[in-house]
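**Q** When you get a sec, could you build the whole thing from the sequences and use the hints?
Protein chains in written order, with this note's numbering: chain A, 1 to 210; chain B, 1 to 64.
Just so you know, not all the hints are guaranteed correct.
Derived Cβ-Cβ restraints for the label pairs, each shown as a range [to be verified]:
#: 1; chain 1: B; residue 1: E46; chain 2: A; residue 2: G17; range: 45 to 53 Å
#: 2; chain 1: A; residue 1: H67; chain 2: B; residue 2: S21; range: 38 to 46 Å
#: 3; chain 1: A; residue 1: S4; chain 2: B; residue 2: G6; range: 45 to 53 Å
#: 4; chain 1: B; residue 1: F25; chain 2: A; residue 2: F58; range: 26 to 34 Å
#: 5; chain 1: B; residue 1: F25; chain 2: A; residue 2: S4; range: 49 to 57 Å
#: 6; chain 1: B; residue 1: G6; chain 2: A; residue 2: P93; range: 42 to 50 Å
#: 7; chain 1: B; residue 1: P40; chain 2: A; residue 2: M96; range: 29 to 37 Å
Rather than coming from a laboratory, the hints here were simulated on the basis of the structure.
All C-beta atoms, glycine included, are put in the ideal place defined by N, C-alpha and C.
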Amino acid sequence: MIPSEKDMMAALEQRHGREIQKKFSTATVAVCGLGGLGSNVAIAIARAGIGKLILIDFDRVDITNLHRQQYKACQTGIYKTDALYENLKEIAPYIMLETHTMRINEGNIGEILKDADIICEAFDDAESKAMLVNKILETMPEKYLVAASGMAGFDSADNIKTRRITDKFFICGDGISDVNDGIGLVSSRVMVCAAHQAHVILRILAGIEE
Amino acid sequence: MVKVNGKEIDIAGKTVEEYISSTDFDPKRIAVERNGEIVPKAQYGETILAENDVVEVVSFVGGG
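**A** Below, the structure written as structure tokens:
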């Protein structure tokens, strides 16, 4: 049985407090890239009762994604936007979702992200990460931005940190563990980094930023 | 002296571009923040670092 919207909201208010839950429920968060970081971030903040997510990815679910990304084996081959839409609606049926199955580039960033209060950078390619971050910081200084760099391999999960670079720009990760160094991505460590990103997003919305 | 990623370096008077090209940083994989504000990519060549500036070079590696 799927609980009613009223009952789910009451449960969230009981957990987070009515004031904070109102901030979560009225927030719009954009997740750029729906891989190991983005799919985990989206699920964590959807569970917390974020009102609306904007989900952006051009790619399809691949068998090599299943070890760390929040998709099911039966979703192999379909667009990540469509797969995550299904999964999120099963978890949080009353969330608002807007999906964009496309590559973000410098030309379309402004239009896609204009309604977001907070933007989560969750790409896997280093140059794409830098492009997105620079463009947002240069052209949308009013937005909060939570990026990630360095979460590959079997190093300690404790090396994953959140750093605040400017008032509105946070970055999570160890800053050095590159997937191209041959160590690959390990589900648990990527999830730690995604959890850092999700946690910063919730802290920003709750007004806890020290 | 200019503080870059927490370290004092003697680069006052150099442009951001001159400093970055003297390091191992890949210009395509970084964002540069100076005194709390982003330095736009197009302005690396004309932004001159001043005495007591505080600079953070955020470097991205792959994986996500």
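**Q** Let me make sure I understand: some of the numbered hints might not hold for this structure. Which ones are they, in numerical order?
**A** none
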